[in-house]
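Asks: What follows is the residue order along each chain.
There are 2 protein chains.
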Amino acid sequence: MRQLLDVTPIATESSDATSASALQRRTYEEVLVMGQSMPLALLRLAPSQAVSVRLDVRGEVEVSALETKQLVPLGVSLPLTQIPERVYLLARTFSDELRDRSLEVTFFNVNNRELTSYKLLLTVLQICLDVDANRDGIVDENNPHKADWKWGADGYGAILLVNSDQDIDYSDDKQDLDDYRINGLLDFKDFSFLVIRRIGPRDLPSGCELRLSVNRETSRRIRIFDELDRSSGHELIGPGRRDATIRDTEQDLVLAVEGLHYPDIDFDGLVKIDLTLSCEHEQVYKDQVMFRVAPWIMTPNTLAPKTVYICRLEDKSNRKLIEELRKIVGKAKAQLEVVPPSSNQGDRWMQDEIEIGYTQAPGKLMYVVLDSPRNRGLDDFPEERLLGPNFGLVTRESRERANKLDSFGNLEVSPPVSVNGVNYPLGRIVFGGTRPEITEDRRRMMKVVRDFLYAQQVQAPIEVFSDWLSVGHIDEFMTFVPAPTAKGFKLILTSADQSYTILKQLESDGYGKAILREGKYFSRGRKADITVSEVLDDKTLARQNRRFQEFINWNREVLKQELGLTEGDIIDLPALFEDDGEGRAETFSPDMVNMIVLGKHLVIPKPYGPKVKGECQFEAYVKRVLEPLGLICHFLDDWEPYFRGRGEVHCGTNTRRVPFAQSWWEAFV
Amino acid sequence: MRQLLDVTPIATESSDATSASALQRRTYEEVLVMGQSMPLALLRLAPSQAVSVRLDVRGEVEVSALETKQLVPLGVSLPLTQIPERVYLLARTFSDELRDRSLEVTFFNVNNRELTSYKLLLTVLQICLDVDANRDGIVDENNPHKADWKWGADGYGAILLVNSDQDIDYSDDKQDLDDYRINGLLDFKDFSFLVIRRIGPRDLPSGCELRLSVNRETSRRIRIFDELDRSSGHELIGPGRRDATIRDTEQDLVLAVEGLHYPDIDFDGLVKIDLTLSCEHEQVYKDQVMFRVAPWIMTPNTLAPKTVYICRLEDKSNRKLIEELRKIVGKAKAQLEVVPPSSNQGDRWMQDEIEIGYTQAPGKLMYVVLDSPRNRGLDDFPEERLLGPNFGLVTRESRERANKLDSFGNLEVSPPVSVNGVNYPLGRIVFGGTRPEITEDRRRMMKVVRDFLYAQQVQAPIEVFSDWLSVGHIDEFMTFVPAPTAKGFKLILTSADQSYTILKQLESDGYGKAILREGKYFSRGRKADITVSEVLDDKTLARQNRRFQEFINWNREVLKQELGLTEGDIIDLPALFEDDGEGRAETFSPDMVNMIVLGKHLVIPKPYGPKVKGECQFEAYVKRVLEPLGLICHFLDDWEPYFRGRGEVHCGTNTRRVPFAQSWWEAFV
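Those protein sequence lines, which keep their order, are chains U and B.
Just so we're aligned: the first sequence equals residues 0 to 668 in numbering that gives the first Met the number 0.
Just so we're aligned: the second sequence equals residues 0 to 668 in numbering that gives the first Met the number 0.
Only chain U is shown next, with the shape it has when bound in the complex (with noise of 0.2 Å):
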């Protein structure tokens, strides 16, 4: 409640000066900002004497009872008993010129003589922050959801990319979000804006200024840029800058915006900015708008792929295989992309060190390399050769040393499901890591990296049990592929029991002397050909295969559970593994579900399992069950280059694909 008694009027006027009873005019300035109210203390101003008082107005300036909302008569003489003792005052058109709007109160005695007037020179200024709530690219003028979010397609808030990419080429690995400049029109391209709308006078009242500011969290999380009419544009606020003074101008003024991190355990991804109107120092206004920095998102194998990525190996043990993978990948209507050995120093497990994503703001879309904390020889690959313009990296590492599990072939993410009612329309991540139950000797996946991926919030990660694996990833016992269900996939899991039933049916129709991985060498020349009836008689092998399976069945309530499925969802492929002699389990032959997802093109690990009339019985069995579904099988001998080096074609490549159609601000709710 202003207290125009307690403030020093900007002139005096004295009818005369010596007599206690003179007739004082008392002349103040305020500021009135565009609709919204200012309480004024009216009755405190009465001097004693008074009896009625008069309110004079000058332009559009409304005079209101605080408590009853009723206007107040203006330009006639009200006893004070009817008057409010509390009014305020509202313009709802800004002012074109200085104090161009004013109150006048004059209080009467008795005798309907002047006693005192004072008057309220008032200049009404509108300021407005605005940003794209409604989410459409274009930023709105006042949307009442600015300073808030709503998830959905009838939802509201505006969205901030992380400018994780790189538009120009800097010299060292740089992203565009570590420069306080923004460098050139492409850059320009993946921030948001906010305006600041000020109309009012052409110039703020003298003592008056306009503040942005953040809270210093925020400032950590973003930078906002001015000068957009210049070439380059200048750092407001980011990390060690909370607050700025906004420049005089004439026109609305256009801000850019870039986010700095992604969601993280510490960061909800929502970000606050204030507009402060101050005059004299004190805060007269104060308007707010928030952000959302979109979260960064996997692409389940449903999704098309784009550009296949595999390393060629400086010995060129997978030559063969990468002209072999470019004809599936060419009629999977996608491209194969050849990583030289300059650049992966013979890491061939493109699968392990990233996992290719993207994020998206209205208008905008930019993918993104999770780069993992495991930094073999394709540690420099993302930095090198994915990352440019319009493809961002985001990485997560610690002091923690990466194990196995921290490869990404530990990391997928199902196709969208719906849990008891409650949808996942981007699918679920899945990764693998231990069982409360084991003590000893535990593998997870790093704690920065699974709370980066559970703050990401839209694709709810689960994870699951593949410390039981050697290598510990769980593309070696899960996969989904593309069915023409309701759900529009199934999810195919290995299985140790399936391989016993079709090694013991080839034994029972007489083909107990057909042979596995048939012509195949172990490493030191070990030749690897067992028949069925051997592998059926290894007691020590069947024992280890039933605790793995019960393994991969636990994994299999689990993701029941988790992903809303039914048995009808699961696919069964026969799989046999071996212990690695520390309990954990190995592949026995090459590993069907570690397979390449290309549309409805299987790029599946050769099994070399037993033949009947030419015919290997596992691929058999394999195209049985998936043929049915559309799927085209493609089995392909990847024995040396990878299945030796205790991986799969799978974990040999990785898969870049087009987003999800839906944007995650809609479909996630």
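The hints are simulated quantities; they were obtained by calculation from the structure and are not laboratory data.
Take these hints with a grain of salt, some might be off.
Given that identical chains are not distinguished, each listed pair holds provided it fits within a single copy or across any two copies.
Distance condition first, Cα-Cα at most 20 Å in a straight line; then the derived EDC-like pairs of lysine to aspartate or glutamate [unchecked claim]:
#: 1; residue 1: LYS326; residue 2: ASP55
#: 2; residue 1: LYS538; residue 2: ASP578
#: 3; residue 1: LYS326; residue 2: GLU336
#: 4; residue 1: LYS363; residue 2: ASP139
#: 5; residue 1: LYS319; residue 2: ASP95
#: 6; residue 1: LYS319; residue 2: GLU103
#: 7; residue 1: LYS173; residue 2: GLU577
#: 8; residue 1: LYS332; residue 2: ASP139
Could you slot chain B onto chain U? The hints should help.
Replies: Same frame as chain U, but now just chain B:
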């Protein structure tokens, strides 16, 4: 059909150069475009003694029969009789190294002796020119509709904005599009994008180049900029530059495109851009994209007002009106922007100098003022005070001298209508002209302006008859107000008949002495007072008004037909006209139809009609017919500053309104 025999091989090897029957091995080099078949006249290569041929392929290349599409068997010798005469080569994946594929054709004689061998070394390139054909603000990847256009929510086709605003402060009235540079980041926001995707090997084979080109006509309509990774951008295509070589880059090349002209009589708004790959000066591949230049769109009275513009007159004659108007504008949640005398040169007719509309592309919205060729005192106002960041300007002028019908009081737009099953979701433009049967002293709106209006296409204009009015503006006899009906609006027409009905009723009720225009004056102190009976007794006035009423009726029928209206959609407001001495109509009293419509608030010229019990009977009538529609009538005294100058408050103002919620490309079908 490629003829290898006509081309010089890059290498020739001969087993015995002196012998006529010597084995010849010729090596050629070719470029394949990914996904594009290359025909080859295989049998034309066969030497006369040949009876069989063998095709050997290295890398991902298919060889098929041109007619049957069947794959040709590879690596086996086939009788020439089994070989299709013409085959084609197809690669579905790009080369990651130069010459990573080959086709070898070897012919044999009856003794199966090798006769001739042709080796074709192949490099497969992927080039693609891309635009945002699905209109989500993001450039697509090879959208099948990228060179096409379809209206509607399920439509496609890329969109370009005319960069008609002024994002930096040039020293003169230059617009962004006048400059062959990108002027800062704000300027860049108005551009659309083209992406040239060239993935193939990092370097093009020597002798190959990529060119971007447009036809001569298109080069006048757009500018295309490269080098966006710098701070400015370099003009590749523009007036006088029809084609340009594309620089070598390792990544997708993003180019920025701006429109220079709105659609017009000689420009349908569609621009095509070609990307050509040539090797050794021979065109190998051409890709094409299309943009539609966004039209200029007008905003009907049913859209919410944002800003009302009015001139402050040097003589202060409209000072009171401005303050009254400001209060109404405030209630309508809009703003009043007062244009100082220095910017209006005493020209008060704000409605006539400009029409404020907008243009729009996905994620881009720009207000655009159409500056009329009228060019009186307000001529510089739009350039000096409206043109700015995100506020564009367009004008049409010709050698013709402007007449009164060229003022934009003569240009309005209807709310959305449906006429005989044809939807006009953005309404129809209405402007005034003459009638065919009038042969002398005809006036029409200037042809260049009419052509411009028709060319925008989405608000199909209607030319009505306003030449019967001395001032000649349609706002003198028609307007549209929002209404809670299925159509959402009512058409308001002036009616002399309605005036006479009211006046006759008043006389028969005994109010013949009631005074119209009471207490008002014309020039030179001539009193305007006139009684109801005096008006009714004036036979000349009655005859004139019967004639003018016929013209209004003619327009009524045209508007009913062209806007699909019934009598129930029309409201008649009383108004009288008198002959200006040259057979054209002038208003007799302030003309209520010439109102400002601000949401439900109507700013109506105070009519100074005859009073009964202190109440103006014209005002009473208007309230009776308009208030049931939820409209609030504010009668504003504009006699001195506007009516006496032959206009009303509507003529003295202009309104910027919120654009249509639906985009023009989705709405218009």
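Asks: Compare the structure with each hint and give your call.
Replies: Status of each hint after checking the structure:
In the homo-oligomer, the alpha carbons of LYS326 and ASP55 lie at most 20 Å apart only across protomers (16 Å), although the nearest pairing inside one protomer, at 86 Å, exceeds that limit. In this assembly of identical chains, LYS538 and ASP578 lie within 20 Å of each other by CA distance solely inside one copy; the values are 13 Å within and 116 Å between copies. In this homomeric assembly, LYS326 and GLU336 come within 20 Å of each other (Cα to Cα) only inside a single copy, at 13 Å, whereas the closest approach across copies is 67 Å. When the C-alpha separation of LYS363 and ASP139 is checked against a cutoff of 20 Å, the pair qualifies both within a copy, at 17 Å, and between copies, at 11 Å.
Proximity of LYS319 to ASP95 under the C-alpha cut-off of 20 Å is restricted to the inter-copy arrangement: shortest distance 15 Å between copies versus 77 Å within a copy. When the C-alpha separation of LYS319 and GLU103 is checked against a cutoff of 20 Å, the pair qualifies only between copies, where the shortest distance is 19 Å, while the shortest distance within a copy is 92 Å. Proximity of LYS173 and GLU577 under a CA criterion of 20 Å is satisfied in neither setting, with 45 Å inside one chain copy and 77 Å between copies. With identical chains, the CA atoms of LYS332 and ASP139 are at most 20 Å apart between copies only, with a shortest distance of 16 Å across copies and 40 Å within one.
Checked against the numbered hints listed earlier, the structure breaks hint 7 alone; every other hint is satisfied.
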